[in-house]
Amino acid sequence: MSLTPISVGFLPLVDAAPFIIARNLGFAAEEGLDLSLTRAPSWSALRDLLAFGSVDAAHMLSPVPVAASLGIGGIRMPIDALMMTSQGGEMLAVSRPVARRMRDAGYGFDFADVPAARAALGAEHLRIGIPFALSLHVELLHRAFGGALDLHTVPPPQMAEALDAGEIDAFIVGEPWASMAVERGKAELLLPGTAIWRGAPEKVLAMRRDRADEAPDLTARLMRAVWRSCRWLESPANRLPASEILARHIDVPPEVIERIMAHRLVISPDGEERRAPQFLQFFDGCATFPWRSQAAWIGTRLAARHGLDIATARGTAMSVFRTDLYRRNLGPAGADLPAASSRLEGAVGEPSLHPAAAGRVILLPDPFFDGAVFDPEAG
Amino acid sequence: MKRLSIVLVEKLPERAALIAEALGRDHDLTVIDTDKGLARRIADLAPDLVLIDLANPSRDVLEELSLASSPMERPVAMFVDRSDQGLTRAAIEAGVSAYVVDGLRAERITPILDAAIARFHMFQRVRAELAATRAALEERKIIDRAKGILMKAKGIGEDEAYALMRRGAMDQKRKIIDIAQAIITAAELLK
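So the protein sequences, as listed, match chains C and P. Per our numbering, the very first residue in the first sequence carries number -13; after that it's consecutive. Per our numbering, the very first residue in the second sequence carries number 4; after that it's consecutive.
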């Protein structure tokens, strides 16, 4: 049987794993796909490659399809999030001088307490590196440290150099680039993104809406391949081979990737370790389900920042997260299907059973650090 | 027509020179060859148009500028001429992205973008040719060395030595350069 070619763009990050594994371990081939990977140099380049058809699908920051559909950024075009491919994985880090100042003031780097980190950090006086203006990273920063922040876009692999050159004092970035900055002796880890929002919807499988709708069979096969890849990645036994394969695609040592996948982070060049529960989730707790309530949260934040009508933006955002395609394409493949496509975000305190299309599904804790609950239906 | 101020973000001096040659006469072109402080430098220059290699990871910095909504800052938008997606696609395929200030008319941008696309293609071609020539020269050197080794070892002439390698390559279904490399490696081990 000849395979159908399909090209997928990605950025060199640990959370590109579902795409890289789909290609390398044959999940794509099992669906009759010859999945080729295109490593993109930047998020805006990847979005443009997707928009102009140079790639068929992409590993994408969850706010980017929403922003493109709202006309924020360089391109106005309906781009959809077919499913989530990872939760969490963002890491906040500070320069060694900033870390020293914080330690001298008695801060213990507990890796969990956001208000304590905020008090010790003094974020409003710092220059903070971000990977991309339209990212969950930015939203998490504002959520944790307030509105008035001095943010600077820096390509993820260059965060360590930017710290070293004194251009920034701290940064938030997707792994492995924070851990790599620690490896190089340039940074200390402050907080995982999951300390700010445990259920942070980080990356999606993105496709142009017209493409996804024109080729429903191809779309379904790609979704199943990526979903099986996510399921494979969640198993602790697979972390070792996954790390080896990923290391070849993102050019960092496999042992660093393995630590990240095991949620066991080395936070300082002295070798101190911290654990971060649910730091990077690929599958468990319906992590692949594109909750419309998460889209609503993203739409609300983007609209507030860019001066759009919030109710309209929320509606557009919710239509971008394709729970319809998820149910149709992944239900028959065995995916757990929650009964509702929207929920109260931040309301799950501990692993618990929730109503499903058939039986029950297990949802994992997804709290915001301040205990807030986001209701997508509320004004 | 009024000269436009154009910023080119480009680390490769050869490509920067090509673009400067095409655009420098009619416009004010500034080349920035480092990522350091890129956002601030562009903001200071306040250009009408920014050209940047699509493969440059710092392109996301320009995206940040394009989202700056303060009226004090000059809005920069990625150039997507909605009446002519062909031009944008051509630009993306050539690997060039353009950011323009709000309100700059498409007919002023099109010739600049056309010229930039042409120069990006030209550069790619030149570089591919250069790489091919270099590889060919490198191969010829290796083959010559292997030929010399065979001539000395077997007391044969140059043509005969070459014919011997060629026959070896055909028999083993390998390239002549691989055979030559193997001869050199073996000769070094036997030294």
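In short, the hints are calculated from the structure, not lab data. We put the CB at the ideal spot given by N, CA and C, even for glycine. Mixed in with the good hints, there may be bad ones.
[Unchecked claim] Straight-line alpha carbon distances no greater than 30 Å define the calculated DSSO-like cross-link-like pairs of lysine-lysine that follow: (1) Lys194/P / Lys157/P; (2) Lys178/P / Lys155/P; (3) Lys172/C / Lys14/P; (4) Lys39/P / Lys172/C; (5) Lys194/P / Lys144/P; (6) Lys14/P / Lys39/P.
[To be verified] Cβ-to-Cβ under 7 Å is the rule here; a few derived chain C residues that face chain P: (7) Phe38; (8) Asp136; (9) Pro141.
[Stated by the list, open to error] Anything over 10 Å on all C-beta distances counts as not near chain C; from chain P, calculated: (10) Ser8; (11) Pro16; (12) Ala20; (13) Ala23; (14) Ala25; (15) Gly27; (16) Leu57; (17) Ser61; (18) Asp63; (19) Arg92; (20) Ile95; (21) Ile146; (22) Met168; (23) Lys176; (24) Ile187.
- Is the hinted pair Lys194/P and Lys157/P satisfied, with a Cα-Cα distance of at most 30 Å? OK: Lys194/P and Lys157/P at ~16 Å, within 30 Å.
- Reported absence of Asp63/P from the contact zone with chain C (all CB gaps over 10 Å): Given a closest Cβ separation of 5 Å, the condition is violated.
- May I ask you to check that Ser61/P keeps its beta-carbon over 10 Å from the closest beta-carbon of chain C? violated, 6 Å
- Item | Beyond 10 Å from each Cβ of chain C, as asserted for Ser8/P | holds, 21 Å
- Query: Closest CB-CB distance from Lys176/P to chain C, is it above 10 Å?
  - Reply: holds, 27 Å
- Does the claim that Leu57/P lies off the interface hold, with its Cβ farther than 10 Å from every Cβ of chain C? violated, 5 Å
- Under the criterion of a CB-CB separation shorter than 7 Å, is Phe38/C in contact with chain P as hinted? holds, 5 Å
- Query: Pro16/P: least C-beta distance to chain C exceeds 10 Å?
  - Reply: The assertion about Pro16/P holds, with a minimum of 20 Å to chain C.
- Message: For Met168/P, is the shortest CB-to-CB distance to chain C above 10 Å, so the non-interface label stands?
- Response: Correct as stated: the minimum Cβ-Cβ distance to chain C is 35 Å, above 10 Å.
- Does Pro141/C pass the interface check with chain P, least Cβ-Cβ distance below 7 Å? holds, 4 Å
- Query: Are Lys39/P and Lys172/C close enough, with their CA atoms no more than 30 Å apart?
  - Reply: It holds: about 18 Å lies between the C-alpha atoms, which stays within 30 Å.
- Task: Compute the least Cβ-Cβ separation between Ala23/P and chain C, then decide whether it is above 10 Å.
- Result: Holds: least Cβ distance 23 Å, greater than 10 Å.
When the structure is compared with the earlier hints, violations turn up for hints 8, 16, 17, 18, 19 and 20 and for no others.
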